[in-house]
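*Asks:* Just so you know, the sequences run in chain order A and B. Position 211 (the first sequence) corresponds to 210 in numbering that gives the first Met the number 0; numbering is contiguous. Position 165 (the second sequence) corresponds to 164 in numbering that gives the first Met the number 0; numbering is contiguous.
In case anyone wonders, no lab produced these hints; they're calculated from the structure. Don't take every hint at face value.
[Claimed, not checked] With a straight-line cut-off of 30 Å between C-alpha atoms, the simulated BS3-like cross-links for lysine-lysine are:
id: 1; chain 1: B; residue 1: Lys280; chain 2: B; residue 2: Lys201
id: 2; chain 1: B; residue 1: Lys388; chain 2: A; residue 2: Lys213
id: 3; chain 1: A; residue 1: Lys213; chain 2: B; residue 2: Lys280
id: 4; chain 1: B; residue 1: Lys35; chain 2: B; residue 2: Lys80
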Amino acid sequence: MNEVMSPLSPPSPLRAGAAWRSTAALLLKLRSLLALAILVLFFSSMTSSFLTANNLSILAKHVAITALLAVGTSFVILAGGIDLSLGSVAGLSGMIAGYLLVDGMRFAGAPHFLPAWLVILLSLACGGIVGWVNGILVTRFSIPPFIATLGTLYVGRGAALLISNGRTFPDLAGDAARHNTGFPLLGQAYLAGIPLPVWLMAMLAFLAWLLASKTPFGRHVYAVGGNERAALLCGIAVSRVKIWTYIISGFCAALVGLIIAGQLEAAHPATGQSFELNAIAAVVLGGTSLIGGRGSIGGSLVGAFVIGVLADGLVMLGVSEFWQMVIKGVVIILAVGIDQLQNRFQLRLQESR
Amino acid sequence: MPSVEQPTTGTALMRGDIVLESREIVREYPGTRALKGVNFRVYRNKVNVLIGENGAGKSTLMRILAGAETATSGELILEGKPVVFKDTRAASRHGVAMVHQELSILPNLPISDNIFAGCELSRMGVVSDREQAVRSKDALHKLGCEADPGVLAGTLPLGQQQLVEIARSLAHSFRILILDEPTSALSSAECERLFAIIHELKRQGVSIIYISHRLQELLDLGDYFTVLRDGQIAGEGQRCNVDREWIIDRMTGRSTQLDGSSPEAEDAGNDLLRTDALTVKTFGGRLVLDHVSLSARPGHILGIYGLLGSGRTELLETLAGARSADGGEILFRGQKCKFMRVADAMQLGIALVPEDRKRDALIPDRSIRENISLAVVRRFGRYFISRRKESVRVQQLAGELCIKATDLERPVSSLSGGNQQKVVLARSLLCEPSLLLLDEPTRGVDVSAKAEIYQSLRLLASRGLCIVFTSSEIEEIQQLAHRVMVLSRGAVVDSFHVNAASDTRLFSAASGMIPLGSEN
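Next comes chain A alone, as it looks inside the complex (with noise of 0.2 Å):
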């Protein structure tokens, strides 16, 4: 090839060619941002109220859920793995919170109480559980991980069905007397004028962002999804890598749950139904693929954002429900069609060689 030349040789001029190339490659990079910010401006100029701080401390906290949930379920993905479980987490995490804060455990008959931080950590480390669950379920027993994701969505679910017999549990707001107040401020606190789910959704994608891009674990994950066999064939030790990112899938989902909870001061069994979905199209939205190998969490993030923008400033369009779903579809499906004309305009280069 011509322009192959050492890495030694200094580098040569870019041509013309090159430079509307990469300037090609950048907007297709950064398209979904794109569609944000188009989305943004266009809503905006619909509607007068929808760049106020009140409606945008609302959009933040939806987007905020779906955001934790795509950032943590990017990883399952990245690694070429699925995660359907994410809802059923979701809402069992929930279940688990509002039982101990509602209920308490038995000892011997009397109820003990726990403090609100405790109950947070069990819940979340029951998302963990079950995400570790489902990396054993699809590494040591081989099951395919939309399967073994499916049978954990539905354990999951009757598992938060059966805590409370199917009733929700009302008042999570604990009691003085129990010492267990203080569970709703996870979902309503503000914290420098700015929600705290959104601050917890801030620092979990840095945290994802450093993960996925600057680890050892970030490379293992990426060449993981990438290709399986090389990956094994490096030393890396594949099935531990795919546990992990099920268990900071089934994390994040956990989280959500509390939030959720955390806002409605109360535990609902049905909630987080179909939330897998709104985070795998959020991952999908951001560019990453579902073979696994290729994406980024920011663009994970940024589809979250896409998904919650859309979603609300439909709603204050006023564009009724039913239509929203028919939008949200199109959108997703345009996105991956974008995507596969990237894929088929970069096989091109590389064809040219």
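Put chain B on the given structure of chain A with help from the hints.
*Replies:* Here is chain B on its own, set in the frame of chain A:
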């Protein structure tokens, strides 16, 4: 343009003998020109050899001839008439078909369905399995393959899968058959059979375009030679005017000496690696390795010659910890080892370069840098990777191995085969191994990259690295190894110094039942 030699002597080929011709074919991609006005001629009933280094534009040209791609400008002339191939179906309607280097077998379908995939024989919309089976069997029979057409294609060995692809073109009676590196996955015995088939196809009036990196087989087989370099024809001529130097000179644009051998290694003391009656079975209990005992010392290059299915890959995988042994033992530095995982072997300083880089080594979407550093990325930071340390080390290694890349941040899939192989090699070297295992180190690699890889390996050995490699290329064994071991059906059948490794001794030991002197 470099000297273009017209055929002058011998049984001169006439213009009328040209069955397919490309005129001034140009293919442009954004930023590059892969083909710069190529006039390629395909002679009737001949084996038309097309040679060129990776990236010379061979594959692009062939894809255009087979209708998988369209030219930016220029035209195709078939039997004197201009034709346009909109897609591969159009090309096959005109009798042009291609057997791809990467087999496009549908593993979950029976052989007959594979042969008729895309143009099923059907009556009133219902596929007639019986007729397909009969015609498949017939086509396979012509190729000397007696496999049952009902067998799932994925269960066949690689060599037979390729025969299925060739059978596909036979069953549809194509006139022009493009074979893109057909022997890269075949054992010597299977190659021999393929060559016989090619002669048979010629007799039946098929014109063949043949692409390969193996010079000897090209010289044995070819009738008309065309060399492509950098998107242009760098030379063409009939067999009688062509020899090894002619090809290499035109391919590389310089004189490359591929012949050579590894300088004798000094005796560096004790064995680094020993295996004692190493035995490996498949899940089904079939014996893959049968009491293999070998030894290798630091600074030595041990070449294992074996055909496909001889157990060579399984042997290296077992040594690298990717497979567990069912019997016997592995001694490394005198210590008995039991590897549970690849990481265990790597820890001790054993690194493997797998045979099929695409399947077993590369992460196609990730950058060259990440691919090189993948196995030892923890070394650049336990918790956070230091990009600076990583880049410095990777760049240094890329320089040492002459990896030709514009930018190490580009995806590894953008590299040519030879450079991809060097990336895999670089990854193993980054582990700082004391024992390097290479499975077919130059499969699908062009001549000059091959020479560079040999050079690197010899240098590494002279610095005390112990190298064990497998190959099905006799030339490679003779040039690279100090000691040679022949593996056949999982057992060591012969072992000798490289000086004693004549073509016939290697070949007859490996193939066992093939009579001596069957080749020239």
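*Asks:* Each hint should be assessed against the structure and marked as holding or not.
*Replies:* Structure-based check of each hint:
For the suggested pair B:Lys280 and B:Lys201, the alpha carbons sit about 42 Å apart, so the restraint of at most 30 Å is broken. A C-alpha spacing of about 13 Å is found between B:Lys388 and A:Lys213, which places the hinted pair at or below 30 Å, so the restraint holds. Straight-line distance between C-alpha atoms of A:Lys213 and B:Lys280 comes to about 41 Å, which puts the hinted pair past the 30 Å bound. Pair hint B:Lys35 plus B:Lys80 holds up; C-alpha atoms about 22 Å apart against a cutoff of 30 Å.
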